[in-house]
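If you're matching them up, the sequences are chains U and E in order. Residue numbers are given in numbering that gives the first Met the number 0: position 264 of the first sequence equals residue 263, and the series is strictly consecutive. Residue numbers are given in numbering that gives the first Met the number 0: position 195 of the second sequence equals residue 194, and the series is strictly consecutive.
Derived by calculation from the structure, the hints in this document are not laboratory data. These numbers were taken from a predicted model, which means no experiment stands behind them. Virtual Cβ for every residue (Gly too), placed ideally from N, Cα, C. All clues stand as given, with none of them false.
Per the computed footprint, the stretches of chain E lying under chain U, defined by three or more beta-carbons under 8 Å from a beta-carbon of chain U, are:
#: 1; segment: 80-94
#: 2; segment: 99-108
#: 3; segment: 254-266
Simulated crosslink set (BS3-like; lysine-lysine; CA at most 25 Å straight-line):
#: 4; chain 1: U; residue 1: Lys243; chain 2: U; residue 2: Lys275
#: 5; chain 1: U; residue 1: Lys313; chain 2: U; residue 2: Lys289
#: 6; chain 1: U; residue 1: Lys87; chain 2: E; residue 2: Lys262
#: 7; chain 1: E; residue 1: Lys264; chain 2: U; residue 2: Lys87
#: 8; chain 1: U; residue 1: Lys127; chain 2: U; residue 2: Lys90
#: 9; chain 1: E; residue 1: Lys262; chain 2: U; residue 2: Lys21
#: 10; chain 1: U; residue 1: Lys117; chain 2: U; residue 2: Lys153
#: 11; chain 1: E; residue 1: Lys14; chain 2: U; residue 2: Lys117
#: 12; chain 1: U; residue 1: Lys29; chain 2: E; residue 2: Lys264
#: 13; chain 1: U; residue 1: Lys301; chain 2: U; residue 2: Lys313
#: 14; chain 1: U; residue 1: Lys21; chain 2: E; residue 2: Lys264
#: 15; chain 1: U; residue 1: Lys238; chain 2: U; residue 2: Lys275
#: 16; chain 1: U; residue 1: Lys156; chain 2: U; residue 2: Lys117
#: 17; chain 1: E; residue 1: Lys14; chain 2: U; residue 2: Lys156
#: 18; chain 1: U; residue 1: Lys127; chain 2: U; residue 2: Lys117
#: 19; chain 1: U; residue 1: Lys275; chain 2: U; residue 2: Lys232
#: 20; chain 1: E; residue 1: Lys14; chain 2: U; residue 2: Lys127
#: 21; chain 1: E; residue 1: Lys264; chain 2: U; residue 2: Lys232
#: 22; chain 1: E; residue 1: Lys262; chain 2: U; residue 2: Lys90
#: 23; chain 1: U; residue 1: Lys301; chain 2: U; residue 2: Lys275
#: 24; chain 1: E; residue 1: Lys264; chain 2: U; residue 2: Lys28
#: 25; chain 1: U; residue 1: Lys29; chain 2: E; residue 2: Lys262
#: 26; chain 1: E; residue 1: Lys262; chain 2: U; residue 2: Lys232
#: 27; chain 1: U; residue 1: Lys232; chain 2: U; residue 2: Lys243
#: 28; chain 1: U; residue 1: Lys313; chain 2: U; residue 2: Lys275
#: 29; chain 1: U; residue 1: Lys289; chain 2: U; residue 2: Lys275
#: 30; chain 1: E; residue 1: Lys264; chain 2: U; residue 2: Lys90
#: 31; chain 1: U; residue 1: Lys301; chain 2: U; residue 2: Lys243
#: 32; chain 1: U; residue 1: Lys153; chain 2: E; residue 2: Lys14
#: 33; chain 1: U; residue 1: Lys117; chain 2: U; residue 2: Lys90
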Amino acid sequence: MPRQADFAVEVRELTREYISAKRSHLVGKKSTTIIRALDRVDFEIQDGELFGLLGPNGAGKTTTVKILCTLLEPTSGQAFVKGYDVVKEAKHVRRIVNMVAGGERMLYYRLTGRENLKYFADLYDVPKREVSPRVDELLELVGLADRADDEVEKYSKGMKQRLQVCRGLINDPQVLFLDEPTLGLDVNIARDIREFIRERIVREQGKTVLLTTHYMFEAEEMCDRVGFLSEGKLVALGKPDELKRRIPSGFSVEIFVTRLTDDIVEGIQRLENVEKLITTDYEGEAEGEKVDRLVIRVGSDKTVPEVLNYMSNKPCRIISVNLRGPTLEDLFMFYTGGK
Amino acid sequence: MFLRVVLAEVEKNFKQYFFGARVLFWALALPLGNGLYLYFLYLPFAKEQVNLEFGASSFTMDLAGFTLIGQLLYSFFTMMLLAGAAFDRERQQGTLESVLLSPANRSAILLGGALANALNHIWLLIGVVLSWVLFLNVNVFIGDFLALAASVTLSYLSIVSLGMCFEALFIHSRRGTMYGTMLQEPIMFLSGLIFPLQSMPRALLPFSYLLPLTFGLVAVRLTLLGGASVTEVATPLIALLLMTAVFLALSVWLIGYAERSAKAKATLTQF
Numbered sequence: 000m001p002r003q004a005d006f007a008v009e010v011r012e013l014t015r016e017y018i019s020a021k022r023s024h025l026v027g028k029k030s031t032t033i034i035r036a037l038d039r040v041d042f043e044i045q046d047g048e049l050f051g052l053l054g055p056n057g058a059g060k061t062t063t064v065k066i067l068c069t070l071l072e073p074t075s076g077q078a079f080v081k082g083y084d085v086v087k088e089a090k091h092v093r094r095i096v097n098m099v100a101g102g103e104r105m106l107y108y109r110l111t112g113r114e115n116l117k118y119f120a121d122l123y124d125v126p127k128r129e130v131s132p133r134v135d136e137l138l139e140l141v142g143l144a145d146r147a148d149d150e151v152e153k154y155s156k157g158m159k160q161r162l163q164v165c166r167g168l169i170n171d172p173q174v175l176f177l178d179e180p181t182l183g184l185d186v187n188i189a190r191d192i193r194e195f196i197r198e199r200i201v202r203e204q205g206k207t208v209l210l211t212t213h214y215m216f217e218a219e220e221m222c223d224r225v226g227f228l229s230e231g232k233l234v235a236l237g238k239p240d241e242l243k244r245r246i247p248s249g250f251s252v253e254i255f256v257t258r259l260t261d262d263i264v265e266g267i268q269r270l271e272n273v274e275k276l277i278t279t280d281y282e283g284e285a286e287g288e289k290v291d292r293l294v295i296r297v298g299s300d301k302t303v304p305e306v307l308n309y310m311s312n313k314p315c316r317i318i319s320v321n322l323r324g325p326t327l328e329d330l331f332m333f334y335t336g337g338k
Numbered sequence: 000m001f002l003r004v005v006l007a008e009v010e011k012n013f014k015q016y017f018f019g020a021r022v023l024f025w026a027l028a029l030p031l032g033n034g035l036y037l038y039f040l041y042l043p044f045a046k047e048q049v050n051l052e053f054g055a056s057s058f059t060m061d062l063a064g065f066t067l068i069g070q071l072l073y074s075f076f077t078m079m080l081l082a083g084a085a086f087d088r089e090r091q092q093g094t095l096e097s098v099l100l101s102p103a104n105r106s107a108i109l110l111g112g113a114l115a116n117a118l119n120h121i122w123l124l125i126g127v128v129l130s131w132v133l134f135l136n137v138n139v140f141i142g143d144f145l146a147l148a149a150s151v152t153l154s155y156l157s158i159v160s161l162g163m164c165f166e167a168l169f170i171h172s173r174r175g176t177m178y179g180t181m182l183q184e185p186i187m188f189l190s191g192l193i194f195p196l197q198s199m200p201r202a203l204l205p206f207s208y209l210l211p212l213t214f215g216l217v218a219v220r221l222t223l224l225g226g227a228s229v230t231e232v233a234t235p236l237i238a239l240l241l242m243t244a245v246f247l248a249l250s251v252w253l254i255g256y257a258e259r260s261a262k263a264k265a266t267l268t269q270f
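With the hints as constraints, model all of the structure from the sequences given.
Next comes the structure, spelled out in structure tokens:
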């Protein structure tokens, strides 16, 4: 029997450790290391909410999702989906959840799109009379109706991902787990999938969704609430706007620059009131030169001219400067130390 | 629900793994080639007859038939190992997680995988028997059709149930394919596939009697080539029946254990 469910998902003190065993040489003694992937994590998700679990690679996002959909057991702690314990009542949980992972896995390549969905409909015991209409409806929804009878190996990456979303909805789950669903997809396809999840799955169908991603703009665009995981710990939880107000400094400055060197970056970091700085490779060129993107969080607006003044005396060339309020990316940097 | 999952698994396996003329050609050609190899290897020594002793009885039978049945049942056994190895492939493809994410009955999933391989073996069996009867004139001597039917059915069922255990083991371990390959040769030797069981060193006989393949080979050879009656093959038939029951029960326990263990050790995916 499920316990009284105040939340769609409830996670209490969830901890997961992995044991990594290594031999120093072929016949040597095994040495084991314990890696704590999740460390006493607590959060809840309301019914019909789109919740984002954010964090860098290895933060524990996928581990959390796998525990919640019964594919992994926690080392300690508890988790409930619609009141069902994910360990003790795993069979009940499996009926009401589904999971979509990023990448090109979890589908049978020699089966057609339609055959894949019918196979999974059988595994979920979808009433037989509902299988064909539901498969057709889902394929239509994601724009795969005209390729439904092609083998999956002939699909593009985006088509496979759209089919995965169909697979995730085949049992009409009450709670859907999306583990980096737009990983490696073209911008247009990723945008379509995001819109489909937000508008059709959450707003129209009222399903509860837990989304993991390390694309901050994706979470910003989609999520009602977010949680930040860093090294297995939940370091922040709340609505994006509330969290943005919590970070102490005012704003960030985004600078696109060419001929950036490590010396210049170190110099900027030494300036007073520069709180955090990250550099990212920007996929663009200016007059044949590679452009870098700098995001600098500053404690005072007076710092911006100082940064620009410092850079103008160096051999780099500033292409553009944008001032902006805090974004989820800033929160990410703040809570995870820019990892 | 159980039957629906079994049928869905059978259909999926046929479409995903047994596709195309090339795969089917090699499924037929390999046991046929091995059988011919053994036949011509024995021919100079056995003068086309082989003596098979079981209990107090002794049966003389056609050498070609003896090697043929050995190869057929062995290829069936190998297909069960392949059914297990399919879970290794599923682990690499990432589909094992999507299957175990569902509430489908785990034993139904195992049975479906094993049955797909069993069904795939039936046409192969027909093809090989026809080829050998037509080209090698195997002298078939059936004394009791009921005994033959019971022997074939129980041999298949016991090997299918053992196949389900292999599948569960392969879910448990990420080195399933390696273990499957390691098992092939000892089982080939111990089951009496290549030579009559009476030639087996006495010390090894207890290991032979742990294998359903051993009893299946005796029962099918005696009833198809030696004209044995139900009474004469009662012992191997009872052994096969018991083994089927034990392996079925063991597979149910093993799949539960394998799934729990894989979730605890995080080994449901390869990478």
